Amino acid sequence: TQLLEQSPQFLSIQEGENLTVYCNSSSVFSSLQWYRQEPGEGPVLLVTVVTGGEVKKLKRLTFQFGDARKDSSLHITAAQPGDTGLYLCAGAAIQGAQKLVFGQGTRLTINP
Amino acid sequence: KAGVTQTPRYLIKTRGQQVTLSCSPISGHRSVSWYQQTPGQGLQFLFEYFSETQRNKGNFPGRFSGRQFSNSRSEMNVSTLELGDSALYLCASSWVITGQRIESNYGYTFGSGTRLTVV
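Residue numbers (the numbering used here), protein chains in the order written: chain A, 1 to 112; chain B, 1 to 119.
No lab work stands behind these hints, which were simulated from the structure alone. You may find that some hints are simply not true.
[As the list claims (entries may be wrong)] Okay, derived cross-link-like pairs now, SDA-like style, lysine to any residue, Cα gap no bigger than 25 Å in a straight line: (1) A/K56 with B/G107; (2) A/K59 with A/H75; (3) B/K57 with A/A93; (4) A/K59 with B/T109; (5) A/K57 with B/G28; (6) B/K57 with B/V19; (7) B/K57 with A/S27; (8) A/K59 with A/N18; (9) A/K59 with B/G107; (10) A/K57 with B/Y106; (11) B/K57 with A/V44; (12) A/K56 with A/A93; (13) B/K13 with A/S26; (14) B/K57 with B/T7; (15) A/K56 with A/E15; (16) A/K70 with B/G40; (17) B/K57 with A/S30; (18) B/K57 with B/G28; (19) A/K70 with B/Q44; (20) B/K13 with B/G28; (21) B/K13 with A/E41; (22) B/K57 with A/S26.
Nothing here was measured: the structure is a model prediction, and the numbers come from that model.
Make the full structure from the sequences, and use the hints.
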């Protein structure tokens with residue numbers, strides 16, 4: 001069974017600070033995807049990383065896929081209150097079922 | 001471009017009843033997946049449909065079933081509801097590229113979910 005461990009589970013920081021969220025597994029994934037979910041809504045895809053070592057930037061968000069394709073990180077610089085939400089990492093299997101395995105999520109709160 | 005539409009948004013049912021949830025994918029998306037989200041277990045995969053056929057199934061009891069219609073719309077059904085079935089049920093659609101081995105790499109578009117409460 002493939003599992004994704006996401007840390008930290010909760011993070012509360014002040015506006016302007018930097019933060020990193022980690023997503024780790026002992027399994028190799030075809031891709032790692034990051035989603036953000038607002039209360040009462042479904043997850044929204046932020047980025048997909050496919051190649052080992054790949055780095056993608058989305059404004060103040062930087063996503064990295066580990067060289068071995070077993071882990072990923074999300075780094076936010078100069079966090080803003082609008083970044084508040086639940087961040088989820090999800091892995092797509094190398095073979096077999098076309099489905100995603102989700103981490104437990106990181107609930108991020110940015111205080112003004 | 002319309003997103004993924006799930007109906008109803010909220011539902012309250014009694015133990016032992018059955019429920020049917022509906023999902024309309026983005027136009028052109030032929031794969032529809034269902035996930036259950038709870039505070040304790042997070043998001044867990046239920047099943048995935050493509051061209052009216054269930055391709056993949058998660059580790060849920062047989063009380064959970066689904067189907068897909070020729071227009072790609074999908075429904076999931078839960079029979080003999082239990083208190084533990086209370087959750088946010090999310091539908092996700094994706095664009096399947098014929099011959100692409102890892103379709104999941106292209107990401108999914110989720111609906112807003114149906115919040116099911118079993119009392």
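So, going through the hints one by one against the coordinates:
{"no.": "1", "hint": "A/K56 with B/G107", "verdict": "15 Å, holds"}
{"no.": "2", "hint": "A/K59 with A/H75", "verdict": "11 Å, holds"}
{"no.": "3", "hint": "B/K57 with A/A93", "verdict": "14 Å, holds"}
{"no.": "4", "hint": "A/K59 with B/T109", "verdict": "21 Å, holds"}
{"no.": "5", "hint": "A/K57 with B/G28", "verdict": "28 Å, violated"}
{"no.": "6", "hint": "B/K57 with B/V19", "verdict": "19 Å, holds"}
{"no.": "7", "hint": "B/K57 with A/S27", "verdict": "20 Å, holds"}
{"no.": "8", "hint": "A/K59 with A/N18", "verdict": "14 Å, holds"}
{"no.": "9", "hint": "A/K59 with B/G107", "verdict": "20 Å, holds"}
{"no.": "10", "hint": "A/K57 with B/Y106", "verdict": "17 Å, holds"}
{"no.": "11", "hint": "B/K57 with A/V44", "verdict": "23 Å, holds"}
{"no.": "12", "hint": "A/K56 with A/A93", "verdict": "20 Å, holds"}
{"no.": "13", "hint": "B/K13 with A/S26", "verdict": "39 Å, violated"}
{"no.": "14", "hint": "B/K57 with B/T7", "verdict": "22 Å, holds"}
{"no.": "15", "hint": "A/K56 with A/E15", "verdict": "23 Å, holds"}
{"no.": "16", "hint": "A/K70 with B/G40", "verdict": "24 Å, holds"}
{"no.": "17", "hint": "B/K57 with A/S30", "verdict": "19 Å, holds"}
{"no.": "18", "hint": "B/K57 with B/G28", "verdict": "23 Å, holds"}
{"no.": "19", "hint": "A/K70 with B/Q44", "verdict": "19 Å, holds"}
{"no.": "20", "hint": "B/K13 with B/G28", "verdict": "33 Å, violated"}
{"no.": "21", "hint": "B/K13 with A/E41", "verdict": "21 Å, holds"}
{"no.": "22", "hint": "B/K57 with A/S26", "verdict": "23 Å, holds"}
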